[in-house]
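Visitor: Sequence:
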Amino acid sequence: MRLLRKTACILLAVCLLASCATDSINGDSQKLFNEGRTDEGLTMLRRAAQDHPDNHAYRSEYFRRRDFAIAQWLGQADSLRLAAQFEPADALYRRVLSYDDANPRAKLGLAQIETDKRHVRLVAQAENLIKEEKYREAREVLTPVLTEDPAQRDARRLQRILDEKAAKPSVGMMRLRTAGIKPISLELRDVPVHTIFDVLGHAANLNFLFDKDVRPDQRASITVRDAQIDDIVRIVLTSNQLEQKVINETTALIYQNTPQKLREYQELVVKSFYISNTDVKQTANLIRTILKTRDIYVDENLNMLVMKDTPNTIRLAEKLIDAQDLVPSEVMLEVEVLEIGYNRLLNLGVQYPSSVAVGLVGGGTTTTGTTGTGTTTTTSSGTPGVLSLSEWLARSSSLVRLTVSDPLFALNLQQQDGNTNLLANPRIRVKNREKAKILIGERVPVITTTAAATGGFLSQSVNYLDVGLKLEVEPQIHQDDDISIKLGLEVSSINNTIQTAGATTYQIGTRNTNTALRLHDGETQILAGLINDEDRRTANKVPGLGDFPVLGRLFSSNNNTDTRTEIVLLITPRLIRNLVRPDVDVIEFSAGTEVSTGSGSLGAMIGPVSQPLVPLAPPSAPTSRTPTESPPGQSQYSPGNGVQLVPFGGVESQ
0 MRLLRKTACI LLAVCLLASC ATDSINGDSQ KLFNEGRTDE GLTMLRRAAQ DHPDNHAYRS
60 EYFRRRDFAI AQWLGQADSL RLAAQFEPAD ALYRRVLSYD DANPRAKLGL AQIETDKRHV
120 RLVAQAENLI KEEKYREARE VLTPVLTEDP AQRDARRLQR ILDEKAAKPS VGMMRLRTAG
180 IKPISLELRD VPVHTIFDVL GHAANLNFLF DKDVRPDQRA SITVRDAQID DIVRIVLTSN
240 QLEQKVINET TALIYQNTPQ KLREYQELVV KSFYISNTDV KQTANLIRTI LKTRDIYVDE
300 NLNMLVMKDT PNTIRLAEKL IDAQDLVPSE VMLEVEVLEI GYNRLLNLGV QYPSSVAVGL
360 VGGGTTTTGT TGTGTTTTTS SGTPGVLSLS EWLARSSSLV RLTVSDPLFA LNLQQQDGNT
420 NLLANPRIRV KNREKAKILI GERVPVITTT AAATGGFLSQ SVNYLDVGLK LEVEPQIHQD
480 DDISIKLGLE VSSINNTIQT AGATTYQIGT RNTNTALRLH DGETQILAGL INDEDRRTAN
540 KVPGLGDFPV LGRLFSSNNN TDTRTEIVLL ITPRLIRNLV RPDVDVIEFS AGTEVSTGSG
600 SLGAMIGPVS QPLVPLAPPS APTSRTPTES PPGQSQYSPG NGVQLVPFGG VESQ
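Sequential numbering of the sequence shown, starting at 0, is according to numbering that gives the first Met the number 0.
Hints may contain errors.
Said to hold, decoys possible - With a cut-off of at most 27 Å between alpha-carbon atoms, the simulated DSSO-like pairs for lysine-lysine come out as follows:
1. Lys469 / Lys280
2. Lys318 / Lys430
3. Lys318 / Lys130
4. Lys260 / Lys307
5. Lys181 / Lys106
6. Lys164 / Lys260
7. Lys164 / Lys270
8. Lys164 / Lys244
9. Lys130 / Lys116
10. Lys130 / Lys270
11. Lys181 / Lys244
12. Lys164 / Lys318
13. Lys116 / Lys106
14. Lys270 / Lys291
15. Lys280 / Lys291
16. Lys280 / Lys260
17. Lys270 / Lys260
18. Lys181 / Lys164
19. Lys211 / Lys270
The hints are simulated quantities; they were obtained by calculation from the structure and are not laboratory data.
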């Protein structure tokens, strides 16, 4: 039995030691996890489990902690991968595999990162092809990306752009086929307009039809040298108040440029614009102001604008919207506010009573009694300062009262030193020219009671007063990546509470500043100097004795208080996204004339509505017409008809 008892004691001691060791390791690992040192904590638990294979507590705690950490790492890695931050995501996935080499989600994430990197390269290649107007090649590059990942955001955006480029407009903007026609020189004096178009039709193998209201006797003169056919047509139309409607590549209808004829021949297009970044009302005002169009409908719920006008005006509206509907700039403001305070209290000296008084109390009765210990007590109750003659003749000791202020004697030995450092470190992400506000403090209720003029009706109202740290910022982001900031800072505190009849008011102490500054991206500016310095010195002395130079310390008590606080503000702007200017052809383009919006300048015609993905086949060369052979340099028309064709480049122009 003695041996069994010894063995049981030994086993119990071993168990207690093992339990203590387990608790120690678990406690140390828990401390590492709380400090964010997850790898070190897992390493400690894994080593303990390997060194003590029979201790299932180590093994259980290790797997529990590992699974929890892996779940966190995988969530962070997925978020980083979706945000296109591939390097940090790759590191987290590999970190997971270092603890669980068979984790399928980590392996899939690494494979997906390689796929995403390839998709990013293909999308960038497709975007460059779109800028070069190689739409077919761009579509071929995007096809495998959308096949593997239909939800790829950038690829879908480029796909929408390609669809818009490939879509045929409801009303086609046809152009006369003038490609391949050499420039000609033409000199016609006082001839019918019909004749001018006949000459141009013969020279370019084109057909010109005339509206019935175009006067056949309308005459004009023209002299051009080395001009393109389409330029000559535009000059003749503009100078004679005419307009054309292109029916096909070889035929155009000429009509008078009057409001009535424009309404008859100009076809209209209805197009819906979905505005992404700007206010749809501002966009509608822009189009009304610049293009003078009237048929506009605005849907604020969808941020959509519907417009009906001519194809030329629609094309101009597209360019205006492309120049305005840009992603706004954003900046991250890193703000650090410190309230550095210092206070010192020194209370040193001897505190004597402030007053000593002797008084007489009479006009009452005297009571004598015996306490439980056998002591006799006499109590006299009466009015202070009132004494009867019999009481004065008796002159009992109970008539005299000695009064001394409390405390009778005190020695003050107190010194306090304190430092305070209150820190607020918010980060504010704000759009360009938008205000952001921060309040770190309290909303103190102020109760006001109102009584009716007639009657006893009472009403109470509660208003809230913001007390604490208030910060207002309004950034303005410039194109050179500088950020201008309008800044307002206020630090307030309640110094005193005042109770009045029916209301509670507060005495507020405040320090504020307002400024405007301009910083570079990543530059830190310090605003300091909001100092509150308070120095109070009080002394309680025995009159006369407390004024001696050294000995007076024994008959005085000094209380010195020194308080100093300072507000320091550090602000650092981090530019997240700046405004990306559109291309040059969107910033500046031809808008036609005041009468004919979007018709192009006299020197150039408006290009096609949209570039087709499949280029049109080149037109066949016009058939040369030579009704009669004539010597080089002479007109093929009879003299006197006012027509002269001048050879260009050694080839007779027809």
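Visitor: Please go over all the hints and tell whether each is borne out by the structure.
Guide: A quick look at each hint next to the structure:
no., hint, in the structure
1, Lys469 / Lys280, "violated (34 Å)"
2, Lys318 / Lys430, "holds (24 Å)"
3, Lys318 / Lys130, "holds (15 Å)"
4, Lys260 / Lys307, "holds (18 Å)"
5, Lys181 / Lys106, "violated (65 Å)"
6, Lys164 / Lys260, "violated (31 Å)"
7, Lys164 / Lys270, "holds (14 Å)"
8, Lys164 / Lys244, "holds (24 Å)"
9, Lys130 / Lys116, "holds (22 Å)"
10, Lys130 / Lys270, "holds (24 Å)"
11, Lys181 / Lys244, "holds (23 Å)"
12, Lys164 / Lys318, "holds (14 Å)"
13, Lys116 / Lys106, "holds (16 Å)"
14, Lys270 / Lys291, "holds (16 Å)"
15, Lys280 / Lys291, "holds (15 Å)"
16, Lys280 / Lys260, "violated (32 Å)"
17, Lys270 / Lys260, "holds (23 Å)"
18, Lys181 / Lys164, "violated (30 Å)"
19, Lys211 / Lys270, "violated (32 Å)"
Violated hints, in rising order: 1, 5, 6, 16, 18 and 19; the structure is consistent with all others.
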